[in-house]
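*Asks:* Spelled out from the first residue to the last, the chains are:
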Amino acid sequence: MTALVAMSLLGVLAMVAELLRLRKIIGFCVGLGLAVVVVLAIGDLGSSWIPAIMKDALVFDNAVDIASALLAGIALFWFLLAGNAYVRSNPSDLAALVCFSLSGAITMVAANSLVMLFLGIEMLSIPLYVLAGSERHRFSSNEAALKYFLMGAFASAFLLFGIALVYGAAGAFGYPDIAAYVESAKPASPMFVAGIVLIFTGLAFKASLVPFHFWAPDVYEGAPTPVTAFMATVVKIAAFVTLYRFFDLCRISETGNVWPGFVSSVALLSLIVGNVLAFAQTNVKRMLAYSSISHAGFLAMSLLAVGSGTGQRALLFYAAVYAVATLTALYIVHRVGIGRGSESIDAFDGLARQDSAAGFALTTALFSLAGIPPLAGFFAKYMMFSIAIERGAWGLAIAAVLASLLGVGYYFKIVIAMYGRSSEHTAIPVLFGLTRSVVLLLSVLLIVLGFFPDLFAALA
Amino acid sequence: MLTLSLVLWPMLCAGLFLLLPAERGKSIAIVFSFVELVLAFIAFRSLNAVDNESAGLLVFAIPWSSLLGSTFAFSLDGVSALLVLLAALVYPLALVTLREAQTPRFFALFFLLQAALVGVFTARDGLLFYVFWELALIPAYFLCFLWGSGEGRWRTTLRFFIYTLIGSLAMLVALVYIYLHTPIPHSFAWDVLASTARTLPDNVQGVLFWALFLAFAVKMPLVPVHSWQPDIYAGASTPVTIALSALMAKMGAFGLLYWLLPFVPQAFAAYGDIATSLCIASLLYASLVALAQKDIKRLIAYSSLAHMGMIAAGICSRSQAGVEGAALQMFSHGVNVAGLFLIAEYLQRSTGTLELSRMGGLKATHRGLATAFFIIAMGSVALPLTNGFVGEFLMLAGLAKISLWFAASAGLAVILGALYMLRAYQQTMLGPLHSPSQRSVALTLSDKAVFTVLCLFVVVVGVYPSPLLSACSKALAALPILP
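Protein sequences, first through last, are from chains C and L.
The first sequence begins at 1004 in the numbering used here and counts up one residue at a time.
The second sequence begins at 4 in the numbering used here and counts up one residue at a time.
With the rest of the complex left out, here is chain C (with noise of 0.2 angstroms):
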């Protein structure tokens, strides 16, 4: 709960600057303000409390105030790399916004109630639709913009339609009264089930499942490489934890036996059609847009094993893993693209050799995207293949092992361009200062989680 308070003081704080002048100082206020946030939700941790001033809307277990710290943790490094990029137009305007949007996941993730999780997705969205178009100057960041803001608009009408479904065959919005009623009412009603779909479909279009992904390389392309990151991490993210956790506290399982089959073959076509469609792209960009689809399958084959300890584990792991992973490389993709002027595979010719702290920061995360070991994305996966092949779902765990093998043909052009190719570029390190500092953090990061997978998983 104070992890929420101070995210929300935060944002506030930021609005408030840019009318007290405090321009200047807003980015290392908003640094710290993201690192007290971690240590708040942290320091959360080993107590549950539901706070009845929301009457049982939202609660803070374990698994909350981890996901809390890991967002803003994420959000603290994009800080660190990305925050700098806004310092010449509205540095508070642009912090507040994202302070809003964290609020809003951290409200999503800690929803006990239908309402919460509605107003979090709204949270969570709409400072990212402003956020997305931010660069005005440039068409197809209007154009991400507004792809954005449809997309959201629709997603949020599925949403409350299936909520009202629900709430009619319940009778109420918070998890545990709807739990209560699906024990009671077994086989449960075609409108509650309708409702869960409607919900789930809500939720997967934030998330870029297929098939409601087509928004997504669009948007993510025409958005600012940093929002970009932001939109890549913390959104998927906290559209995880949020349908993890509602699958799971509302024992949705226990309504039918449709469910594993459903989340499995929407976990098999991203699977499928993200790294299908990432092999043809030529833009580094929309090649990770497309990639991000196939990770979201990957996270969605969680879902298969909600109820217990495993699943949240799993998917708090490949979360954050995946969320360094993509910070790293679209942060180099940004500033390669700034370098270069370009963000197709060519611009990233020769690279390691002009900047090797870029080729070796680069290669780890594209290596822990692709899932190979020694690197902690490895482990990711293979906590994913092991969810799957210990239920018996023989075809999603083929489709996911053929999945990392695509995925390692059109990462490693980008590799083989960055090493194997010399260009004319002239020598302008890519990364330099802090940022270079924080991004070999990152990448070192992902080897030691490698070589110690239980540091992070036995938090959860």
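No false leads were mixed into what you were given.
Among the chain L residues that face chain C by a calculated CB cut under 10 angstroms, a handful are:
#1 Trp67
#2 Leu70
#3 Ser73
#4 Phe145
#5 Trp157
#6 Leu175
#7 Val179
#8 Tyr182
By construction, these hints were calculated from the structure, which means they are not laboratory data.
A virtual CB, placed ideally from N, CA and C, is assigned to each residue, including glycine.
Since the structure of chain C is already known, use the hints to place chain L on it.
*Replies:* Just chain L now, kept in the frame of chain C:
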């Protein structure tokens, strides 16, 4: 502890090389590799001491991740100690003969490869084995790609990577399946996996058999998943080729022996003959194609393919003689193929070409090289009193126990091997001097030392193989592989 140091030392060297300055990299690398050789030799000797102290020395196990059910378990027995010794031996030989100065990054990757190889040979935990198996890919890929030659090498190295990855992913699914069937709490420990896999129903064992076989077949390689091998061996620089052919190929054979045979014996009873036929087909195919090669490096690559097919056939024969012969042949073949690729390197330095038709009559000007080539070639051909003979004889005896046809086909391939190897010798060393502008590159003292060591191994192991053979048989007797 000793076993752990065998794995950690090359990793430490790799890390150190990232921090070292660029000059004198080669001398430092040679010193580092000699340290590893000393450690491996001590480990091999301490196998003979049966008391508890050395058993503690050789087994190392600490819990790694209770979440994943995996322990950091390494241990050495006869066969793995022999292979580790091979790895430790081949590295200094490859490094001493390196002529061009290399960046520290090369040595770092080279030592990382050694660490991964030793890790594969000593890991006694399924997940750890898989991690080291894949870990070997990363340095191999970069070494082949960045320090290779040839226009399309990004394509060949990518092909190599993807082939190996397909095999490894099949192996991962199989290992995870067995892991999930181990009694709770699940464990990846080798003996637990082996005992669990043996209790699985026959049809499941069959699927596991082929999944694991695919992974090991891609590494050795065996026909039909071999097409990555000749391009890679021919295109990489010599030390890398030596590491790949002498050591990385043995990962596949070692996997067959330790991670397939003890796991699915019933499936072996059903599919063993098919697997053996596949290995012998690979052997014959490779020998026939080797006959047609005009480039000496590709000829040696195909001969290596043939030898690995023979080793795999020996293992799949499941007879005591076959398996022991295969284990010894892994060592002998490693030594021989390292020697052959070094010979090819020197031939290229002297004549500027790798094509056999453009070489000839080198014996007159390169006496030492000719002698070394002859001895190593005879080892490869399995002339009696050379190291190759002991292994080949045992394997043929083992194959004959299953079926005389297998032994006859394998014998035919051995004859073909003699044919192309002797013809290669004839085309390079004998006959008229081909082009008068051949540079006479004299062997330096260190080169002569390397070749002397190799020839000594060929002859001494051929005449007195019993220490190695008894170490192998003692280790194999402890494995639950023979019916």
